Amino acid sequence: MSFAPQKVDWSRGVPLRAGDWFIGLYQPSPETVGFWDAVQHGELVLKYCPACDKCFHPKRIVCTDCGSADLAWRTASGRGHVYSYSEVHRAPSGDFAGSTPYTVGIVALEEGVHLFTRLIAEPEPIAIDAPVTVDFRVLELGQLLPVFVVGAA
Amino acid sequence: MATTTIGSATAIVGMGRALGQRDDPDGPKTPLQLGAIAARRAMAAAGITRAEVGALFTGRTPQSYMVLQYNQALLNELKIGPTFNTEVTAHGGGALGTLQLAALALHAGVIDYALCVTNEASGLWMDQVGSNAAWEGDLQFEAPYGPSTPSIYAQFACRYMHETGTTPEMCAHVSVENRHWALQHPYAAMRHKGPITIEDVLASRMIASPLRMLDCAVWYPGGIATAIVLTRADIARGGRHAEATWLAGFGQCSTHEWVGERMGSWGFAPLEDGPNLVRTGTALAAKQAYAMSGLSAHDMHIAQSSAPFSFANLMILEELGFCPFGEGGRFAADGGIAFDGGLPFNTMGGYLSFGQVAQGLYNLQEVVDQIHGRAEGRQVPGVEAGIVHGHGGPMACHSVVILTREPTR
Ligand SMILES: [Zn+2]
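Protein sequences appear in the order of chains X and E.
Just so we're aligned: 105 in full-length UniProt numbering is position 105 of the first sequence, and the numbers increase by one with no gaps anywhere.
Just so we're aligned: 24 in full-length UniProt numbering is position 24 of the second sequence, and the numbers increase by one with no gaps anywhere.
Hints listed in this document are in silico derivations from the structure and should not be mistaken for laboratory results.
Keep in mind that this is a model prediction, so the values were computed, not measured.
One or more of the hints may lead you astray.
[Said to hold, decoys possible] Partial pick of chain X residues on the chain E-facing surface, computed with a CB cut under 8 Å:
(1) Q40
(2) H41
(3) H57
(4) S93
(5) F96
(6) V104
(7) I106
(8) T117
(9) L139
(10) E140
Even for Gly, the Cβ is constructed at its ideal location relative to N, Cα and C.
Same shape as in the complex, but just chain X (with noise of 0.2 Å):
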């Protein structure tokens, strides 16, 4: 069983069967699957509406703004700083105890949206505040992911 994100078509590409039905979240769905398809070419992408012109977080499916549905993709900077931070060492699972201890925690983008994700500590130590920049590197479950990098670009 992998959790890494597949091209799935939902639901008819991969039937879910009842007792999967918190498997099949892992994968991306109609709403996400614009995101990691940028993923594999090295891209982050945001939600934007373009009458509000806002960036919203990637599972966003409304405008939180004027309630548009049209919402499309747009490329990110990839830049931002960190807001908040922990590091982990006791994992969740055995997939990642090899690891620990590593730092997740939560970027705020230069487009107004934070993002859960993988925080690596080089060059720079990891700070709140601390300047970061997006990378793609492959973690512990084998799936290929947005990470960001303490230190400007």
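Let chain X serve as the given structure and place chain E with the ligand on it in line with the hints.
Structure of chain E with the ligand alone, referenced to chain X:
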């Protein structure tokens, strides 16, 4: 704020509890077994028959009994025919939410008796650490990064400590005082571990910075079910029931789902001014509850929270009105929740030392027991009113209930 006449319009007239342990002579029990036993005990305490149960409200489906519509499984077992029944799921905040929904239905006059039940036995059947880590984060946008449950709450802790100057030592007072209370309770998970000191907390193993092992909730090693029977004021006063505990006020507020998106959640009370990780829905829930009851934090003789980390209990104490925003740490360090002389807080030991189980409805039962002088070995003298906070993770859903010995309206 909307006005309402629901304060003290309903009362608890029966309670039941069922406890399951690994070494029970007849073996460990499922949450459904515990829930059914507790429900029958509550109905017996209230003196009502199966036919009189007008509504059944259950908390979130037990993690150790994952069926769709757990409420149906329970009503099937109890052989009751409620005219109103549902799960109440504001994450763990739904446990107290069951009482709130019961009050609404009773006050509206569509039922005479409501039965509220939460139950869990994950300590007997599950890998709680692994399971919960998978359930506390967004499965696409958080779980692949490897967050443990504490590391998700640590995002709040990191900002809270950064913005308020709260120190790990201040937070440790919660752990120490919770443990002190747990030592008085026969079924507390950490009772056998003995007392702890501030130094013990600060020297305990780092789990997810800034949270150390003794800053974290412990999973209850067994199972617990809590069942409550409520009725309307006129019936509660009618002489049929031996005891009444008044639902003087209640409130609820939820702000988000997972922590990663919490920062996109704002523009509504209680996050009018912009996104942050240092405010929760508790303040608004408490404001509703106080307004409903006509009481204030000053009137509360006892307080309970199901906040699962030391720092989170400080945030909740602030939002319940026991100290100003950002001052929870200093309040605790100055003896504000001291076992000797402070606010009696988490008098069973809280999630840190009694243990996390069944969405913390045991905290409500504790206030009822305290009000009626039944809290053996840990009785606080003269409890007339108490406040209970129910938390749904991660810091997302907050329920508040105020209970009193006499109606306040
Ligand atoms: Zn818009």
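Could you tell me which of the numbered hints above are not met by this structure, giving the numbers in increasing order? Per hint list: 1, 2 violated.
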